[in-house]
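Produce the entire structure from the sequences given, and follow the hints as far as they go.
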Amino acid sequence: MRSSLLYAVTLTDPGQASADSFILTEDDGSNHRAAWIPLTVIRTGKTRLFPSGLLDLL
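Reminder that position 26 of the sequence shown reads as 62 in this note's numbering, one-by-one numbering, no gaps.
Hints are computed from structural coordinates only; laboratory data are not their basis. Do not take every clue at face value.
[Said to hold, decoys possible] Cβ pair distances, simulated, as ranges:
1) Thr46 with Thr80: 27 to 35 Å
2) Thr61 with Leu85: 18 to 26 Å
3) Tyr43 with Ile78: 14 to 22 Å
4) Thr46 with Gly81: 25 to 33 Å
From a predicted model like this one, the values you see are computed outputs, not experimental measurements. Beta carbons are placed, not taken as given, at the ideal position from N, Cα and C, and that holds for glycine.
Rendered as structure tokens:
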């Protein structure tokens with residue numbers, strides 16, 4: 037079983053907090069698209085949230 041980790045993130049551009057989505061860059065240089073999704077949408081089960089159990093922490 038693969039374990040999931042949760043990391044703190046620092047937005048280098050404060051405008052990212054109001055953007056619909058933005059690109060995350062990992063330490064290894066890989067990029068991923070991240071999006072802000074309302075908790076009400078996540079709670080419907082139509083969108084998956086990673087890592088498993090994160091919703092319980094929010």
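Each hint tested on the structure:
1. Thr46 with Thr80: 27 to 35 Å: holds, 30 Å
2. Thr61 with Leu85: 18 to 26 Å: holds, 21 Å
3. Tyr43 with Ile78: 14 to 22 Å: holds, 19 Å
4. Thr46 with Gly81: 25 to 33 Å: holds, 30 Å
Violated hints for the displayed structure: none, as all numbered hints are satisfied.
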